[in-house]
Amino acid sequence: KQEVTQIPAALSVPEGENLVLNCSFTDSAIYNLQWFRQDPGKGLTSLLLIQSSQREQTSGRLNASLDKSSGRSTLYIAASQPGDSATYLCAVLQGGSEKLVFGKGTKLTVNP
Amino acid sequence: DTGVSQDPRHKITKRGQNVTFRCDPISEHNRLYWYRQTLGQGPEFLTYFQNEAQLEKSRLLSDRFSAERPKGSFSTLEIQRTEQGDSAMYLCASSLGTGTDTQYFGPGTRLTVL
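Heads up: the protein sequence lines correspond to chains X and F, in order.
All residue numbers for the first sequence refer to the working numbering, where the first residue is 1 and numbers rise by one.
All residue numbers for the second sequence refer to the working numbering, where the first residue is 113 and numbers rise by one.
Calculated directly from the structure, the hints in this document are not laboratory data.
Keep in mind that a hint or two might mislead.
[Unchecked claim] DSS-like cross-link-like pairs, simulated, lysine-lysine; straight-line CA separation at most 30 Å:
(1) F:K126 with X:K68
(2) F:K123 with X:K104
(3) F:K169 with X:K1
(4) F:K183 with F:K123
(5) X:K68 with X:K104
(6) F:K126 with F:K169
[As the list claims (entries may be wrong)] Simulated restraints, written as ranges between beta carbons of each label pair:
(7) F:P120 with X:P14: 33 to 43 Å
(8) X:G95 with F:E164: 23 to 33 Å
(9) X:P14 with F:E164: 34 to 44 Å
(10) F:G128 with X:S70: 20 to 30 Å
(11) X:Q81 with F:E164: 42 to 52 Å
(12) X:A10 with F:R222: 17 to 27 Å
(13) F:Q129 with X:T58: 39 to 49 Å
(14) F:A165 with X:S59: 47 to 57 Å
(15) F:Q192 with X:S97: 22 to 32 Å
Quick caveat: nothing in here was measured; it's all calculated off a predicted structure.
For every residue, glycine included, the Cβ atom is placed at its ideal position computed from N, Cα and C.
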């Protein structure tokens, strides 16, 4: 059974700091990995999707990497801003299935 | 492209009542998914549709839950005889249908069972 773990569960940083969020998964048979952002009481916003054949994806200040063999992904946020405060969720699309398996998320707070 | 929409956004009901939620996917998206999210947890998969066919169901989807997608457009999720443990955010997502593309999520329906 696929299990996705996100560390840390919560992170508080001052504005302007670069930061890394970690995601690990137990079964490397995945189609892709997605990073989402969730604001309190809201739905999910897709940030980046990395196909299993890719190593990384970039969008603006965000960079996500994938090491499928070791079951790890990182989300790098450069020059953090208070508006980045949210919960960040990692999810893998399991091979042989159509379902996303999510971690519990990392709650990020960026202090002005 | 107006995004995935869900209705209602909030629902408060008494234990034992039936509730129905609606999801309208992004137009032209063939796949539609339902997830459930409880406080402090990541979303958990419930079921998905390819057009009007329901192709996969989680064991979380007890016999009190039923989902439909008539004509392959909008979908409904019904919960019969609600229990307090059903209180959660119910999220709908859609994708184009290649299987490995991005799933776009709606704003969710927050269900509170008293």
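To see whether the hints hold, each was checked on the structure:
1. Simply put, F:K126 and X:K68 have alpha-carbon atoms about 46 Å apart, too far for the 30 Å limit, and the pair is violated.
2. Between F:K123 and X:K104 the CA atoms are separated by roughly 24 Å; this keeps the pair inside 30 Å, and the hint holds.
3. Between F:K169 and X:K1 the alpha-carbon distance is near 16 Å, which keeps this suggested pair within the 30 Å criterion.
4. Of the pairs offered as hints, the one joining F:K183 and F:K123 holds, with about 26 Å between alpha carbons and a cut-off of 30 Å not exceeded.
5. The hinted pair formed by X:K68 and X:K104 meets the criterion: a straight-line CA distance of about 20 Å does not exceed 30 Å.
6. Our distance criterion of 30 Å between C-alpha atoms is met by F:K126 and F:K169, whose separation comes to about 26 Å.
7. About 39 Å separates the C-beta atoms of F:P120 and X:P14, a value consistent with the hinted range of 33 to 43 Å.
8. Taken as a hint, the range 23 to 33 Å holds for the pair X:G95 and F:E164, whose Cβ atoms sit roughly 25 Å apart.
9. Separation of X:P14 from F:E164 is about 51 Å and departs from the stated range, judged on CB atoms against 34 to 44 Å.
10. Checking the proposed 20 to 30 Å range against F:G128 and X:S70 shows it is violated: the Cβ atoms sit about 49 Å from each other.
11. A hinted range of 42 to 52 Å holds for the C-beta pair X:Q81 and F:E164, which are about 43 Å apart.
12. At about 22 Å, the CB distance of X:A10 to F:R222 agrees with the hint of 17 to 27 Å.
13. Separated by about 48 Å at the C-beta atoms, F:Q129 and X:T58 satisfy the suggested range of 39 to 49 Å.
14. Look at F:A165 against X:S59: about 33 Å separates their beta carbons, and that is not inside 47 to 57 Å.
15. At about 27 Å, the beta-carbon gap between F:Q192 and X:S97 stays in the expected band of 22 to 32 Å.
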